[in-house]
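A.B. asks: Residue numbers (our numbering), protein chains in the order written: chain A, 8 to 117; chain B, 1435 to 1549.
Heads up, some of the hints might be wrong.
Said to hold, decoys possible - FRET-style restraints, in silico, Cβ to Cβ: (1) S1492(B) with I9(A): 14 to 22 Å; (2) Q114(A) with N1464(B): 39 to 47 Å; (3) Q1496(B) with G64(A): 35 to 43 Å; (4) P1452(B) with A24(A): 31 to 39 Å; (5) Q62(A) with V1446(B): 22 to 30 Å; (6) G1477(B) with T73(A): 21 to 29 Å.
Claimed, not checked - Chain A regions said to be covered by chain B (calculated; three or more residues, Cβ under 8 Å): (7) 85 to 97; (8) 106 to 113.
Note that these hints are calculated values from the structure, not bench results. Glycine residues also receive a C-beta, built at the ideal position from the N, C-alpha and C atoms.
If you want the building blocks of each chain, they are given just below.
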Amino acid sequence: GIQVEQSPPDLILQEGANSTLRCNFSDSVNNLQWFHQNPWGQLINLFYIPSGTKQNGRLSATTVATERYSLLYISSSQTTDSGVYFCAVPETGTASKLTFGTGTRLQVTL
Amino acid sequence: SQTIHQWPATLVQPVGSPLSLECTVEGTSNPNLYWYRQAAGRGLQLLFYSVGIGQISSEVPQNLSASRPQDRQFILSSKKLLLSDSGFYLCAWSVAVGVDTGELFFGEGSRLTVL
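All chains, please: the whole structure from these sequences, using the hints.
C.D. replies: In structure tokens, the structure reads:
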């Protein structure tokens, strides 16, 4: 099946700093999603981004499908950004299920 | 708008007892439905998915089972829980469009502790 790797695995930032999270995948995909899991476990949709760049407030994402990676940018980080960030891509050969990366755990400190 | 609910939110069960987690989706028709588990640590493991009523695909061998008795209802069950079944269970839905899986949306999760 498709392999999805995220980096870095852990990240500690001071409030106000910027960061870039990376998601690499091993096969061509027709969509990609980014999620934020908050400390209470809730998974929140951030971006549905098969290609190109999207922005939502302080967050933006870029997917370069031809090179099999996606980047999530967090600017001016806040403590509420803490949690785990996942990317997910469709499993090869099926339109029915997604494979998740192992996540990046972000901690934003004061 | 579409919503997804799953319950119970928290469950503490003895080893060997049965399990039933329920998930319902509102505001959409014929969704793909999924059960994921998140054990200690951060990974999400796909347990079951369903593309229609009565159609269940199992991803990993285990003592859990899933059923889809109605279009927007997905149930995760076990006859006898094991300690290793402890974890955070998440239901999710999407609407596939052709070869595209569609955007995936998660419920609030059910935290299961088996003692």
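A.B. asks: Could you check the hint for me, namely that Q62(A) and V1446(B) are 22 to 30 Å apart, CB to CB?
C.D. replies: violated (43 Å)
A.B. asks: Do at least three Cβ atoms from the segment 106 to 113 of chain A come closer than 8 Å to Cβ atoms of chain B?
C.D. replies: holds (count 5)
A.B. asks: Could you see if the CB distance from Q114(A) to N1464(B) stays within 39 to 47 Å?
C.D. replies: holds (40 Å)
A.B. asks: If I claimed the Cβ atoms of S1492(B) and I9(A) lie 14 to 22 Å apart, would that claim hold in this structure?
C.D. replies: holds (19 Å)
A.B. asks: The hint says 21 to 29 Å between G1477(B) and T73(A); measuring C-beta to C-beta, is that right?
C.D. replies: Once the Cβ atoms are compared, 27 Å apart, the range 21 to 29 Å for T73(A) and G1477(B) holds.
A.B. asks: Between Q1496(B) and G64(A), does the C-beta distance stay in 35 to 43 Å?
C.D. replies: holds (40 Å)
A.B. asks: How does the segment 85 to 97 of chain A fare against chain B when you require at least three residues with a CB closer than 8 Å, holds or violated?
C.D. replies: holds (count 4)
A.B. asks: Between the beta carbons of P1452(B) and A24(A), is the distance compatible with 31 to 39 Å?
C.D. replies: violated (48 Å)
When held up to the earlier numbered hints, the structure conflicts with 4 and 5 and fits the remainder.
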